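J.: Assemble chain B onto chain A, guided by the hints.
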Amino acid sequence: MTKTIDKNFSMPKCFNERSKPSLYCPGCGQSIFLKHLGFIIDDLEIQGKTTLGIDIGCSLLAWNFFNFDIVQTHHGRSVPVAVGYKLSNKRRIVMSIMGDGGGYAIGLQSLLHAAFRNNPISVFVLNNTGYSMTGGQMAPTSIPGEITTTSPGGKDPKNSGKAFHGPELIKQISDNSAYIARASVSNPIMLQKMIKKTLENQIKNNSFSFLEVLTPCPTNWKTTASESFNFLSKMEKEFPIGEMTKNEK
Amino acid sequence: MKNDLTKIVISGEGGQGIQTIAKVLAESFKDSGFYVSYIPQFGPEQRGAPSISFIQYSTKEIKYPRFYKADYLIVLRERAISATTTFINSKTKVILDSSTIRPNVIKQSENKKEAVPATKLAFDLFGKKNLNLIISGYLTKLFSLNEKAVWKIIKNQLQKKFSEKKDLEDNARNAFIYGYEFTSEKKNFSQPTFKTNKKIIISKNREREAFISPELCKGCGICIEKCPVGALKFGDEIGVYGNPIPEIDIDKCINCGNCFRFCPDCAIKVKKKSK
Chain A
8 MTKTIDKNFS MPKCFNERSK PSLYCPGCGQ SIFLKHLGFI IDDLEIQGKT
58 TLGIDIGCSL LAWNFFNFDI VQTHHGRSVP VAVGYKLSNK RRIVMSIMGD
108 GGGYAIGLQS LLHAAFRNNP ISVFVLNNTG YSMTGGQMAP TSIPGEITTT
158 SPGGKDPKNS GKAFHGPELI KQISDNSAYI ARASVSNPIM LQKMIKKTLE
208 NQIKNNSFSF LEVLTPCPTN WKTTASESFN FLSKMEKEFP IGEMTKNEK
Chain B
36 MKNDLTKIVI SGEGGQGIQT IAKVLAESFK DSGFYVSYIP QFGPEQRGAP
86 SISFIQYSTK EIKYPRFYKA DYLIVLRERA ISATTTFINS KTKVILDSST
136 IRPNVIKQSE NKKEAVPATK LAFDLFGKKN LNLIISGYLT KLFSLNEKAV
186 WKIIKNQLQK KFSEKKDLED NARNAFIYGY EFTSEKKNFS QPTFKTNKKI
236 IISKNREREA FISPELCKGC GICIEKCPVG ALKFGDEIGV YGNPIPEIDI
286 DKCINCGNCF RFCPDCAIKV KKKSK
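Residue numbers (the numbering used here), protein chains in the order written: chain A, 8 to 256; chain B, 36 to 310.
Same shape as in the complex, but just chain A (with noise of 0.2 Å):
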């Protein structure tokens, strides 16, 4: 089958068409996050040297997406490979993509030291409150009262515990000079500054950048793309969203 796909038509530069479409779901937040990162990496000019680590999850759907190096690696695994990269080669920005099953259930501990030792690299976490690739079970970021796969009753705190805040608890421990923020999918302007400061901050300052995605999930969920955006204002009044700043100066 031949494919007609035109990149020039509304996709970014640096995006590999022939993976297109996507083998995301309809109406999946990750999707819009890797589009608008798309068009941060063509602002900046940094298509040539950029290596991105993908983790286990559905963000390993990406392994694809771009025109440069990805890295598969293994569960909550993506950010300790980052840093290998980034030791080894300083030159590359290297970036690091994994769901919130990776990053603040499995992988926590190398998100944690990563951002204790300043390591350079780039962190994004998307976080859709679930593990979206098996099935939509209860993880740590789902919001009380949530209704899973795993809890049909809707999550109760007194369990299960209050929704899990990574950026929060790693602004406790990084360095003066790390950014740290939240954006939500729901505000692609603000959602596209504040890559662009997450990967400056890294090429500029030469520390540790830490961004969390809020983004929807329609399949797990089982919304419409109404009530999706709903549940996402629902998720931003539990996540602040917003860059953090150290109480200091």
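It is worth saying that the hints were derived from the structure and are not from the lab. Bear in mind the structure is a predicted one, so any value in this text is a computation, not a measurement.
Which chain B residues face chain A? A few, computed with CB under 10 Å, are given here:
no.	residue
1	Arg-82
2	Ala-84
3	Leu-251
4	Lys-253
5	Gly-254
6	Gly-256
7	Val-275
8	Tyr-276
9	Asn-278
10	Cys-298
11	Cys-301
Across the chosen pairs, the derived CB separations fall in these ranges:
no.	chain 1	residue 1	chain 2	residue 2	range
12	B	Asn-124	A	Leu-51	55 to 61 Å
13	A	Lys-211	B	Val-140	51 to 57 Å
14	B	Gly-162	A	Gly-55	48 to 54 Å
15	B	Ala-118	A	Thr-141	16 to 22 Å
16	A	Lys-229	B	Asp-202	17 to 23 Å
17	B	Glu-216	A	Ser-26	41 to 47 Å
18	A	Asn-96	B	Ala-118	38 to 44 Å
19	B	Leu-40	A	Gln-144	33 to 39 Å
20	B	Asn-124	A	Thr-156	35 to 41 Å
Ideal Cβ placement from N, Cα and C applies to all residues, glycine included.
T.: Showing chain B alone in chain A's frame:
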């Protein structure tokens, strides 16, 4: 009860309701006094990926749920064909959806093929979600199961959805009966009508022009939700996953760029006309 072991493969696209059909069939075989095994093919939970289920029923005990050649192969989407051709041998009876698949794509002799244009029927008569009910109705007749008993199982399966809307149940019942009474196409297959347009759809007026690519659009509806003036709505064109895709009313459009900003698949763009 002539054959000892009958092997069935049902395949289609994730989101079509393949596993629902398979569960209903397995339950009905069990209720008719057969031994049954049913397993789905496990993979990522993803819409649009091929979804396959394996069913066996027999008068004797079943030792192992997997098999390599099927007696019946049911294919509902072109995308699922490549994953299921290994199950065909000279005895396999192929049942396909002739409104989405060209019958000559499947390599099997003509008299072993049967077709039900289920997607077209569902779109025209009952709404696209009722595709799996038409197929379950048809399969009920094919395997000579008791129609009333099967409907009872379907009702149990879909209890939650039916309790929310009342007219849904009547519609589903009609779709099931229609499928049960449908005589399949043999040899004279209808042509597939559900094809994705390869060209980018351009609509323009004096000030701006809009581009929508059916080859990229998955029909999620985010642009329709995010349009501030309501210039977008679902139209007649079919997108890459067989869903309807939006069409734009270019005179209402104010060129705000929201649809382009929110589209996950880079399928829509509006720009000012350069003079």
